[in-house]
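*Asks:* Given next are the chains, with one letter for each unit.
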Amino acid sequence: MIDDIELLRLIENNARLSYEEIAVMLGTNAGDVEAEIKRLKDENIILGYNTIINWEKQAPDNCIGMIEVRIAPIKNKGYDHIAQILSKYEKVTACYLVSGGFDLMIIYEDSNLRSIANFVSEKIAPQEGVLSTTTHFILKKYKANGIIYDNPDTDDRQAIIL
Amino acid sequence: MSLDYDSKISKAVQQVPPSAIRKFFDLANEMKGHVISLSIGEPDFVTPWTIREAAINSIIDGYTHYSPNSGYIDSRIAIVDYLKRRYGVSYDAKSEILVTVGGSEGLDLAARALINPGDEVIIVEPCFVAYKATVEFAHGVPVIVSTKPENDYKLMPEELEAAITDKTKYVIVGYPNNPTGAVMTLEDWAKIKDVLMRHPEVIVLSDELYCELNYLDGKPASLTQFAELRDRVIMVNGFSKSYAMTGFRVGYIAGPHELVAPMIKIHQYCIMCAPSTSQLAVVEAAMNADNEIKKMRDEYNHRRRVIVQGLKDAGLDCFTPYGAFYAFPSIKNTGLTSEEFCERFLLEKHVAIVPGNAFGACGEGFVRISYAASLEDIKEAMKLLKEFVEELKKG
Chain H
450 MIDDIELLRL IENNARLSYE EIAVMLGTNA GDVEAEIKRL KDENIILGYN TIINWEKQAP
510 DNCIGMIEVR IAPIKNKGYD HIAQILSKYE KVTACYLVSG GFDLMIIYED SNLRSIANFV
570 SEKIAPQEGV LSTTTHFILK KYKANGIIYD NPDTDDRQAI IL
Chain X
112 MSLDYDSKIS KAVQQVPPSA IRKFFDLANE MKGHVISLSI GEPDFVTPWT IREAAINSII
172 DGYTHYSPNS GYIDSRIAIV DYLKRRYGVS YDAKSEILVT VGGSEGLDLA ARALINPGDE
232 VIIVEPCFVA YKATVEFAHG VPVIVSTKPE NDYKLMPEEL EAAITDKTKY VIVGYPNNPT
292 GAVMTLEDWA KIKDVLMRHP EVIVLSDELY CELNYLDGKP ASLTQFAELR DRVIMVNGFS
352 KSYAMTGFRV GYIAGPHELV APMIKIHQYC IMCAPSTSQL AVVEAAMNAD NEIKKMRDEY
412 NHRRRVIVQG LKDAGLDCFT PYGAFYAFPS IKNTGLTSEE FCERFLLEKH VAIVPGNAFG
472 ACGEGFVRIS YAASLEDIKE AMKLLKEFVE ELKKG
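Line by line, the protein sequences give chains H and X. Those letters in the first sequence? Residues 450 to 611, per the numbering used here, in order. Those letters in the second sequence? Residues 112 to 506, per the numbering used here, in order.
The shape of chain X in the complex, shown without the other chains:
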């Protein structure tokens, strides 16, 4: 008689379904190495050398032990300095910054620190897949707001306001957005701020991992920049995307002490501290890598324009993305579902892209194309996309 595992596994964990596109994942993994991959949500650049060197030196110098729970004070000061320089916002390094294991830990900590069972959390889709799962793991109730291509996938103030109830604990926003590439300008955020001012109980969790990859003016724009909201915006940020440091697994939370302290409590019991090597790489990244970031941003921007032109040439509708490293074109005019489109494109043309429904139900009819890939690969993939769409139209 074998154990009834289902009765043993947490209901909250069981109710989160495995990714809807598991089958497609397996197929893409099998074909890896034989395909052009525009399906990867991490930079293709190697981490800038001076950052890698700082990590190496930290080991040479023997920084291989636990750091303080919140992170080395030098790392936190570097982060505070960076936020002042790039965002124009001020935080206290001692009490308002927590160095985390990537941005993902920040999402999880916020859910566990804030949610009581049954609390509602507004999630703006399409979005990064972890938002909904972290809320459900913490026994929260996700309330979905679907952004639309006709609004350039921006969060509309009236849509946010309609989703707020007296059970709303917090709202998660992620801009520049994965998977759409949408950005919110400071003017766009000002309208969201007006809504939030009418709902003073609602907390904001702002995922800003792609903050440096903004091609409108190259500067981060964020709700943290409104002093009126300072007491209830938690910024989740990190170095993975903008600094090509995904494998370092290091990020941070910045916010008012009253909200950061309970997250530090969970972090100190469950994680202890972020990796010391990565924390010392952060000092170099936050203090001395602005030029390297600009170089990468410029190159992404060139590729972005090539992708947008390629989609136009292929006859796919796409709003112009101005952030992250994704485009999110509609494939509705091909008559295929997102998964059918991606599967056939992979099998017939050997190019991997991601079905839009992986990022929420409203992503159906769309696909995510990443331009964290070489220009040669992007050009070849766009040529193949055009061929593929033309063949589909001919039937």
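For reference, chain H alone in the conformation it holds in the complex:
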């Protein structure tokens, strides 16, 4: 019997493990792991597999905007209508409905500041129901996806400890 939470935590931290490797780590067999992962995919619990890349290192000019959007909900559609439209843009990497002083938090990534500004003024602001936007540019990433960036990976332990 596979513990789903244990399995999901394992592949959440390392999506590259093979069925065989996962099976050894969970004390089960590869066939059962494959079947369980398929079921979790079918149920849309596993949605995909990403690689975590330090883009600041690879492409230092990339920009990320966090855009707060205030909305007057549309009758019968609530907030979903606008959120779903904005989510369709490929460069929108996240879209959340949030509590507090604004309604949607949009994360938008592009190669330069100008294109983020254009997205806000041309795609978000004109949407019916959008009341206002506030755009924050990310200056530096310290931690994302549970990973601390530029974490020194040193092992200062002695060679042998009994």
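For the record, the hints were derived by calculation from the structure and aren't laboratory data. Keep in mind that this is a model prediction, so the values were computed, not measured. You can take every hint at face value.
List time: in silico DSS-like cross-link candidates among lysine-lysine, alpha-carbon distance up to 25 Å: (1) X:Lys460 / X:Lys490; (2) H:Lys506 / H:Lys592; (3) X:Lys406 / X:Lys330; (4) H:Lys592 / X:Lys405; (5) X:Lys443 / X:Lys494; (6) H:Lys592 / X:Lys406.
If you want the ones that stay clear, here's a sample from chain X, every Cβ over 10 Å from chain H, calculated: (7) Ile188; (8) Arg343; (9) Pro367; (10) Ala372; (11) Cys473; (12) Glu501.
From the three backbone atoms N, C-alpha and C, an ideal C-beta is built for every residue, glycine too.
For chain H, the structure is supplied; the task is to place chain X on it using the hints.
*Replies:* Quick look at chain X alone, frame taken from chain H:
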């Protein structure tokens, strides 16, 4: 004319030989940084952040002086709370807990508080190297009981009983075990308890540093859980292994006041108190870190299974370890001694593991492999081990 130092150094200290595997140690130290190391008996995890933060805050708040000899009462209450929560046992924070400098101080205090010259102390090998040395430093006589792989390295009641004489002062048990990874369940301990009930003079020193690293059911199992033995079991415990806090040097003793009080006496003269910073980190560790411990335990457990599978693939016999972060496979079928095996594995494949004879004579023919290392390193090391064993077999 130079001083005859040998005549000046205590006989008790001189008779304890330097580690039998000193040469191997030196070699491994020289090669550090160029090898995969599965030879380290401490966690590779960094201490959980909230515990480090509590230590930092203790300094900011000015807790930088001596604490009471037994430790801050808050630390002792946190320890008592932890023992109640995880073991289901009750101790009095004021009189039955002593906060020590790591588990090691507890081993030393027990030896000095209990042993008169010539008293026998039963030591269950293979085991942590300090057990025998602390007894010898205190002029005690170690009596060795050797556990066996066919018994999953558990202490067998008949073996214990055969070693007890009218000179036996106490017995040291250490489970989950370093170096074998063996665990004793509550049912196993019940059989040991039956032996001890027939020998009401014998005290028990139970080293439980690895108590949280039990992969059978994730819960500590201990002789302290038998009320009948409450008046003569001294628990040596601490935060080094389970909480990845080795450098904090903080542990504790829990036991009946009559046995803890003489240890407090030695501690107050020789140590004064455990470091204040570490003691306040303990409050956070004992009260709020159960989830962090579980996360580490789960990860060790995954690695454990990878190691056991790797040893099987390499063709080495190994009983299945269920505790600590060690496996203790036999290398007898390679025809090499433990030291030869480890030295050649280090030189030829650049992987460091520890010869089993470092942990007692009965460890000869075995090696200790630690899985306090990254999964990548473990996988690579297991691949190299398989190659190495195959090459040995081909001659």
